[in-house]
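Novice: Chains as they are written, first to last, in this note's numbering: chain H, 1 to 398; chain S, 1 to 398.
Worth flagging that the hints you see were computed from the coordinates, not collected in a lab.
It is possible that some hints are incorrect.
Claimed, not checked - Computed footprint of chain H on chain S; a stretch qualifies when at least three of its residues, placed anywhere within it, have a C-beta under 8 Å from a C-beta of chain H:
1. 64-71
2. 151-158
3. 161-171
4. 178-191
5. 210-222
6. 274-281
7. 305-318
Unchecked claim - In silico DSS-like pairs for lysine-lysine, Cα to Cα no more than 30 Å straight-line:
8. H:LYS191 / S:LYS191
9. S:LYS191 / H:LYS220
10. H:LYS68 / S:LYS68
11. H:LYS68 / H:LYS220
12. S:LYS68 / S:LYS220
All C-beta atoms in this analysis are idealised placements derived from N, C-alpha and C, irrespective of residue type, glycine included.
There are 2 protein chains.
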Amino acid sequence: MSQPLHGYRVVDFTHVLSGPIATHFLRLLGAEVIKIESAAGDTMRNYGGVQYADGMGPSFASVNAGKKSIVLDLKQQDDVAVAHRLIKDADVVMENFRPGVMDRLGLGYEACKAINPGIVFCSISGYGQHGAARHQPAIDQIIQSTSGMMSLSGEPGSAPTRVGFPAVDTYSGLLAAFAVVSALLQRTRDKQGQRVDVAMFDAALVMMISMVGPYLLTGKRPVKQGNRGYSMSPTADTFPTAAGHLTLGAVRQDQFERLCRVIGRTDLVGDPRFRDRASRFGHGDALQAEVRAALAHRTAAEWEALLNAEGVPAGAVRELPEALAQPHLDERGLLLALGAPDGPGLRILNAGFRYEHDGPGVDAVPPALGQHTAEILAQLGYTPEQITAFLDRRNRPA
Amino acid sequence: MSQPLHGYRVVDFTHVLSGPIATHFLRLLGAEVIKIESAAGDTMRNYGGVQYADGMGPSFASVNAGKKSIVLDLKQQDDVAVAHRLIKDADVVMENFRPGVMDRLGLGYEACKAINPGIVFCSISGYGQHGAARHQPAIDQIIQSTSGMMSLSGEPGSAPTRVGFPAVDTYSGLLAAFAVVSALLQRTRDKQGQRVDVAMFDAALVMMISMVGPYLLTGKRPVKQGNRGYSMSPTADTFPTAAGHLTLGAVRQDQFERLCRVIGRTDLVGDPRFRDRASRFGHGDALQAEVRAALAHRTAAEWEALLNAEGVPAGAVRELPEALAQPHLDERGLLLALGAPDGPGLRILNAGFRYEHDGPGVDAVPPALGQHTAEILAQLGYTPEQITAFLDRRNRPA
Numbered sequence: 001m002s003q004p005l006h007g008y009r010v011v012d013f014t015h016v017l018s019g020p021i022a023t024h025f026l027r028l029l030g031a032e033v034i035k036i037e038s039a040a041g042d043t044m045r046n047y048g049g050v051q052y053a054d055g056m057g058p059s060f061a062s063v064n065a066g067k068k069s070i071v072l073d074l075k076q077q078d079d080v081a082v083a084h085r086l087i088k089d090a091d092v093v094m095e096n097f098r099p100g101v102m103d104r105l106g107l108g109y110e111a112c113k114a115i116n117p118g119i120v121f122c123s124i125s126g127y128g129q130h131g132a133a134r135h136q137p138a139i140d141q142i143i144q145s146t147s148g149m150m151s152l153s154g155e156p157g158s159a160p161t162r163v164g165f166p167a168v169d170t171y172s173g174l175l176a177a178f179a180v181v182s183a184l185l186q187r188t189r190d191k192q193g194q195r196v197d198v199a200m201f202d203a204a205l206v207m208m209i210s211m212v213g214p215y216l217l218t219g220k221r222p223v224k225q226g227n228r229g230y231s232m233s234p235t236a237d238t239f240p241t242a243a244g245h246l247t248l249g250a251v252r253q254d255q256f257e258r259l260c261r262v263i264g265r266t267d268l269v270g271d272p273r274f275r276d277r278a279s280r281f282g283h284g285d286a287l288q289a290e291v292r293a294a295l296a297h298r299t300a301a302e303w304e305a306l307l308n309a310e311g312v313p314a315g316a317v318r319e320l321p322e323a324l325a326q327p328h329l330d331e332r333g334l335l336l337a338l339g340a341p342d343g344p345g346l347r348i349l350n351a352g353f354r355y356e357h358d359g360p361g362v363d364a365v366p367p368a369l370g371q372h373t374a375e376i377l378a379q380l381g382y383t384p385e386q387i388t389a390f391l392d393r394r395n396r397p398a
Numbered sequence: 001m002s003q004p005l006h007g008y009r010v011v012d013f014t015h016v017l018s019g020p021i022a023t024h025f026l027r028l029l030g031a032e033v034i035k036i037e038s039a040a041g042d043t044m045r046n047y048g049g050v051q052y053a054d055g056m057g058p059s060f061a062s063v064n065a066g067k068k069s070i071v072l073d074l075k076q077q078d079d080v081a082v083a084h085r086l087i088k089d090a091d092v093v094m095e096n097f098r099p100g101v102m103d104r105l106g107l108g109y110e111a112c113k114a115i116n117p118g119i120v121f122c123s124i125s126g127y128g129q130h131g132a133a134r135h136q137p138a139i140d141q142i143i144q145s146t147s148g149m150m151s152l153s154g155e156p157g158s159a160p161t162r163v164g165f166p167a168v169d170t171y172s173g174l175l176a177a178f179a180v181v182s183a184l185l186q187r188t189r190d191k192q193g194q195r196v197d198v199a200m201f202d203a204a205l206v207m208m209i210s211m212v213g214p215y216l217l218t219g220k221r222p223v224k225q226g227n228r229g230y231s232m233s234p235t236a237d238t239f240p241t242a243a244g245h246l247t248l249g250a251v252r253q254d255q256f257e258r259l260c261r262v263i264g265r266t267d268l269v270g271d272p273r274f275r276d277r278a279s280r281f282g283h284g285d286a287l288q289a290e291v292r293a294a295l296a297h298r299t300a301a302e303w304e305a306l307l308n309a310e311g312v313p314a315g316a317v318r319e320l321p322e323a324l325a326q327p328h329l330d331e332r333g334l335l336l337a338l339g340a341p342d343g344p345g346l347r348i349l350n351a352g353f354r355y356e357h358d359g360p361g362v363d364a365v366p367p368a369l370g371q372h373t374a375e376i377l378a379q380l381g382y383t384p385e386q387i388t389a390f391l392d393r394r395n396r397p398a
């Protein structure tokens, strides 16, 4: 038994975030990922202040563990020939250049398919490979703007508010990995390659499916709802406490009754204003004032424990460091510790799900730029002399 | 040739959002999805004001198209026996009850594996199937609170701000679909079933990988950065215009120079305060004031067109209705129109990626509650009399 993608090879032309996240998932599931880099390297290598090792920025180190790095100058025919030889024996090509760039380099889908009819060729772009918008440059925050995403977060009537992390990049990367693995499964039966076209704009809309779907059906314009949850229940919201904020998710009648019991306000259950779901919606402000007053007597952490013990959904609002310090993360194996005992250590996130056997994981650190150039050329049959000449010719890092 | 999951059967015990989204992806890729519902139906059926048909709320209609609905009372042995027979011939079981519930119903992983050793059994829960936090009730907004997500959006120093749509649900659903398809691919080789355990808390951290990764490496506490993009560049931010807001993503030097040209301020390029990336960071407020003044002369839509034509990443901030009205969505086939010409129509989102052949899609509407109960029982070999008795006995919708 082995990991799902054991024995699969991915030729990875991606850079920055969405593409490297996609191939990170494939690597975590056991694929061999050969990262093609220019002599300057993936932009993210030198990005962000603190560095891990070999000049690697933290964002780069987070999503490139265990990949192999080969430096190629894709404007040189010799180097494109190396890429072609890698693609010949590969299962997946992943790229996130602007649409048309791979074609111009002689590395587009048609060229790859001619070399390897079974190839699964996946592109990630802002607006897709075809159509009027394909040439528009796009990064996460642009798509957050044009897709409607910035119109959803924050208090009603507030200015456009970005989701404070590159959610479109991370969702698009996962979506691409999903599409690729599905195509590989498809290929086990029909023996055909596949062209996969992921547009970040489309992915953003799918990520917002629970807002987009109702709009498509009802025509009703979605509005910002602050911290109220999807239910819009007054007791599914975030409140201040004696220390820290607490989010309640008391949506059902039984949860509301248990909430009232825990906060010592069973009288609210009998109050005609709050008797049932509809009444509570009609008197939301009054109900929230009562709840807020009661919650002021204890800390968020205390309420969280008390409420969870009674089955009321509740969570203290944490920042990332406190979230990562939760003891159950160790039990879950979500954090992977990489690096030799004598070298600099590195902790990264695993894939976010567990298997019973042969599950996600990686035990190698991210590659230095061009770390595997010579090794990969040797595997392709280049002689030591040819490899030396190849490296010297372009004065590339080895 | 056929869709990737053609011929695969999913027995779907999920409800609300994360689970139904996971099986929605599997259905879009061609799987048969048999949705097990109680006589009351999936909570989301009656959720939200406007309804599609048969009493279906909009959120339900968005993520259940083409699934088959069978009503079972899982507290009755006869009905659990029906579930067992379905699982015997299935490839995937998906569930998102609280940990332990499926075991108590006689439908846990061990029971399913005994019936069908090749089964891929996937659970989605708040904090995972094992460990101290497993029994904590969790919904999207609770996980957004406890995972650190609410500490990232909004202006520096602002109160905790929820991502204004159930991002954790949608990401967890996609992650579960990815994990399941990967396990199915794994199974083609090792012939073994798999247990998949998706925790929404873990998924939330992975969705924030570009914040979590750097924190794990640097120990530096992430702070809210308003609408500035991941680059933190002063010209990667959202600005008011003569009409509407515009987001710029001018990160690189060449993009900055082209931005200055388009807004008619080439003088800024030569200004020593803004000469290079580091200088611009040091004089961010002054630079933003200049850019803001220039952008006031045209509308966001005008700037978007002018800047994109020059290769400067830029996007007008749209709300969802305007985003969905973009012409390239039709070219992309992102919207699926369902329903008979004589019945109520329904538009839903497709999977968010395209294939060259046999790609994602569905052409059937969401099922009425129990619409397929009799059909499925007949397929299992029940006689018409037995089916009638089964339906009558529990007075269930047929």
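Novice: None of the hints should be skipped; say for each whether it holds.
Specialist: Verification of the supplied hints:
1. 64-71: violated (count 0)
2. 151-158: holds (count 4)
3. 161-171: holds (count 10)
4. 178-191: Satisfied; 11 residues make the cut.
5. 210-222: Satisfied; 12 residues make the cut.
6. 274-281: violated (count 0)
7. 305-318: With 9 residues closer than 8 Å to chain H, the region 305-318 of chain S meets the three-residue bar; holds.
8. H:LYS191 / S:LYS191: 19 Å, holds
9. S:LYS191 / H:LYS220: 48 Å, violated
10. H:LYS68 / S:LYS68: 45 Å, violated
11. H:LYS68 / H:LYS220: 49 Å, violated
12. S:LYS68 / S:LYS220: With Cα atoms ~49 Å apart, LYS68 (chain S) and LYS220 (chain S) exceed 30 Å; violated.
Violated hints, listed in ascending order, are 1, 6, 9, 10, 11, 12; each of the other numbered hints is respected by the structure.
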